[in-house]
Amino acid sequence: MKGIITVLGKDKVGIIAKVCTYLAEHNLNILDISQTIVQDYFNMMMIVDISAPTGSFEDIVEDLKQVGEEIGVEIKLQHEDIFNIMHRI
Amino acid sequence: MSLVEVQETNKMIREMNLDVRTITMGISLMDCAHPDMATFNRNVYDKITRSAEKLVKTGEDLERQFGVPIVNKRISVTPISIAAGAVKTDSYVPVAEALDRAAKEVGVNFIGGFSALVQKGCTTGDRILIDSIPEALAVTERVCASVNVGSSRNGINMDAVKLMGDIIIQTAERTKDRDSIGCAKLVVFCNAVEDNPFMAGAFHGVGERECVINVGVSGPGVIKRALEEVRGQDFETLCETIKRTAFKVTRVGQLVAQEASKRMGVPFGIIDLSLAPTPLIGDSIAEIFQVMGLEEAGAPGTTAALAILNDNVKKGGVMASSYVGGLSGAFIPVSEDHGMIQAVQRGALTLEKLEAMTCVCSVGLDMIAIPGSTSKETIAGIIADEAAIGMVNNKTTAVRLIPVIGKEVGEMVEFGGLLGYAPVMAVNPFSCAGFVNRGGRIPAPIHSFKN
Numbered sequence: 001m002k003g004i005i006t007v008l009g010k011d012k013v014g015i016i017a018k019v020c021t022y023l024a025e026h027n028l029n030i031l032d033i034s035q036t037i038v039q040d041y042f043n044m045m046m047i048v049d050i051s052a053p054t055g056s057f058e059d060i061v062e063d064l065k066q067v068g069e070e071i072g073v074e075i076k077l078q079h080e081d082i083f084n085i086m087h088r089i
Numbered sequence: 001m002s003l004v005e006v007q008e009t010n011k012m013i014r015e016m017n018l019d020v021r022t023i024t025m026g027i028s029l030m031d032c033a034h035p036d037m038a039t040f041n042r043n044v045y046d047k048i049t050r051s052a053e054k055l056v057k058t059g060e061d062l063e064r065q066f067g068v069p070i071v072n073k074r075i076s077v078t079p080i081s082i083a084a085g086a087v088k089t090d091s092y093v094p095v096a097e098a099l100d101r102a103a104k105e106v107g108v109n110f111i112g113g114f115s116a117l118v119q120k121g122c123t124t125g126d127r128i129l130i131d132s133i134p135e136a137l138a139v140t141e142r143v144c145a146s147v148n149v150g151s152s153r154n155g156i157n158m159d160a161v162k163l164m165g166d167i168i169i170q171t172a173e174r175t176k177d178r179d180s181i182g183c184a185k186l187v188v189f190c191n192a193v194e195d196n197p198f199m200a201g202a203f204h205g206v207g208e209r210e211c212v213i214n215v216g217v218s219g220p221g222v223i224k225r226a227l228e229e230v231r232g233q234d235f236e237t238l239c240e241t242i243k244r245t246a247f248k249v250t251r252v253g254q255l256v257a258q259e260a261s262k263r264m265g266v267p268f269g270i271i272d273l274s275l276a277p278t279p280l281i282g283d284s285i286a287e288i289f290q291v292m293g294l295e296e297a298g299a300p301g302t303t304a305a306l307a308i309l310n311d312n313v314k315k316g317g318v319m320a321s322s323y324v325g326g327l328s329g330a331f332i333p334v335s336e337d338h339g340m341i342q343a344v345q346r347g348a349l350t351l352e353k354l355e356a357m358t359c360v361c362s363v364g365l366d367m368i369a370i371p372g373s374t375s376k377e378t379i380a381g382i383i384a385d386e387a388a389i390g391m392v393n394n395k396t397t398a399v400r401l402i403p404v405i406g407k408e409v410g411e412m413v414e415f416g417g418l419l420g421y422a423p424v425m426a427v428n429p430f431s432c433a434g435f436v437n438r439g440g441r442i443p444a445p446i447h448s449f450k451n
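Residue numbers (this note's numbering), protein chains in the order written: chain Z, 1 to 89; chain H, 1 to 451.
Please note that a few of the clues may not be correct.
[To be verified] DSBU-like cross-link-like pairs, simulated, lysine-lysine; straight-line CA separation at most 30 Å:
no.	chain 1	residue 1	chain 2	residue 2
1	H	376	H	315
2	H	353	Z	76
3	Z	2	H	104
4	Z	65	H	262
5	H	243	H	11
6	H	11	Z	10
7	Z	76	H	243
8	Z	76	H	54
9	H	353	H	104
10	Z	2	H	353
[As the list claims (entries may be wrong)] What follows is a set of in silico ranges between Cβ atoms, one per label pair, in the way DEER data are often shown:
no.	chain 1	residue 1	chain 2	residue 2	range
11	Z	16	H	46	49 to 55 Å
12	H	451	Z	32	58 to 64 Å
13	H	104	Z	74	44 to 50 Å
14	Z	10	H	69	21 to 27 Å
15	H	207	Z	11	35 to 41 Å
16	Z	13	H	232	43 to 49 Å
17	Z	74	H	356	56 to 62 Å
18	Z	11	H	280	27 to 33 Å
19	H	60	Z	37	57 to 63 Å
Think of the hints as simulated: they come from the structure by calculation, not from any bench. Every value quoted in this text rests on a predicted model; they were computed, and no experiment measured them. C-beta atoms are modelled at their ideal positions from N, C-alpha and C, and glycine is treated no differently.
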């Protein structure tokens, strides 16, 4: 099972570090990262393995949202199915 | 998976109001029958609270898992006139109260099915139900009622049409301290469908199974934004854009429906491919018309624009789900659509134009505030017109009119929340009393005779 993390907000030092630390602590392995910075805006997508996290998926969604609020960016974790079903027949 | 796709999905959710409008659990109450009212009500309450125990929680979990809002969680039940047929009583108001309690217990915002199907004639239970509607809607908060008065197969029960004119006025009177809000929870149908997940007309038909999950998708905002990209281009491009977007929107509904059904162990019923607007700016069918090139909803061309929209939403949606049902298409309620309200205020949209639009929309005259002084015969006449459109054209039509007691044309009415607000619209002042008072049944049209 895979989850997609998206991070959106004004670029600054330490965004990736914060997110990655949280993921490591909760046993979520990062499978892929891509990011762009357009006019100071940081835009990142991560594909993570969510098959054996510590804690429920719902809790991790909430936690990541909190992490985002602390550093002033929007962090969202969603199950991959929503993207697959919309864009693949 | 690409960053572009992920961004597109999330942009649709964040900026274009993409959501799943409702997960509606249909529950059969056939096995609750009992001659004693208290026992029947207990059976109903127990069955609903047991079946829907996990409904709201599951909806909220899915919302978090996929990051897409699921706006409403609702319940529809077997039409009470059938389910309560065995109860020895002269009023079904206590049943409505039991439904209301059950809805509050499981946390759903509406429960539909205080309904009767009388297209060919009334049983004793049907008559008791219809007579109970005004009080039932006044004393409950979440119960929705509907009455099917006609069908392409059976014609139109004009006795019921006439009666509903009176019932609507009585319902308005009973809730006049709250801008006659009772009428916002009452729909009169022709060709009602049994698997519709949208209130106020949802009920769990007798051809349905024990318990089922139906999902209504929405997203006028998403379609509008997609059309902004192809402004001024030809009709083929216009149609293609609607189809592609409707496909994506419906896929989200399909995903949520399948997951919800799996998690609750309840079979998946249908996806209703609908564009149901909300009073939010940017989530409006009327704004889609404007992007299509009309100055306001109601301008010449509106009926054609609506026909294009409806047809292409269905074409895109059917590819996305194998089980499509409900009312499918674009809803055109007035009070729930910010652009429609504006069109009425600017004088672009009249009741007559709305009636013409209902020939090609998914349902009918919906959430329209009219003067409280409108006669019951006039309301019955409007219902008859709308039912005739449905009967002759083999489509579902409905009327949800709100005669606002104490208010006249041009005044504003506020219903709050999803029900929105609306200006009171003018009704043709000439009488139809001699016509609707004839009574009896309008025979089915010739093309109904197929077998």
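* Under the criterion that the straight-line Cα-Cα distance not exceed 30 Å, is the pair residue 353 of chain H, residue 104 of chain H satisfied? -> violated, 39 Å
* Is it true that the CA of residue 11 of chain H sits at most 30 Å from the CA of residue 10 of chain Z? -> Given pair residue 11 of chain H, residue 10 of chain Z holds - Cα atoms ~17 Å apart, limit 30 Å.
* Does the alpha-carbon distance linking residue 243 of chain H and residue 11 of chain H stay inside the 30 Å limit? -> holds, 19 Å
* Asked: Are the Cα atoms of residue 76 of chain Z and residue 243 of chain H separated by 30 Å or less?
  -> holds, 28 Å
* Asked: Do residue 104 of chain H and residue 74 of chain Z keep their Cβ atoms within the hinted range of 44 to 50 Å?
  -> violated, 35 Å
* Asked: Regarding residue 451 of chain H and residue 32 of chain Z, is the given constraint of 58 to 64 Å on their beta-carbon distance met?
  -> holds, 59 Å
* Asked: Measuring from beta carbon to beta carbon, are residue 60 of chain H and residue 37 of chain Z in 57 to 63 Å?
  -> violated, 34 Å
* Hint consistency between residue 376 of chain H and residue 315 of chain H [alpha-carbon to alpha-carbon, up to 30 Å] -> violated, 39 Å
* To do: Sort out whether residue 104 of chain H lies within 30 Å of residue 2 of chain Z, counting only the CA atoms.
  => Between residue 2 of chain Z and residue 104 of chain H the Cα gap is close to 36 Å, so the pair fails against 30 Å, i.e. violated.
* Asked: Taken at face value, is the distance from the CA of residue 353 of chain H to the CA of residue 2 of chain Z at most 30 Å?
  -> violated, 50 Å
* **Assessment of proposed distance window 21 to 27 Å (beta carbons of residue 10 of chain Z, residue 69 of chain H)** => holds, 25 Å
* Is it true that the C-beta distance of residue 74 of chain Z to residue 356 of chain H lies inside 56 to 62 Å, as the hint says? -> At roughly 45 Å between Cβ atoms, residue 356 of chain H and residue 74 of chain Z fall outside 56 to 62 Å, so the hint is violated.
Checked against the numbered hints above, the structure violates hints 1, 2, 3, 9, 10, 13, 15, 17, 19; every other hint is satisfied.
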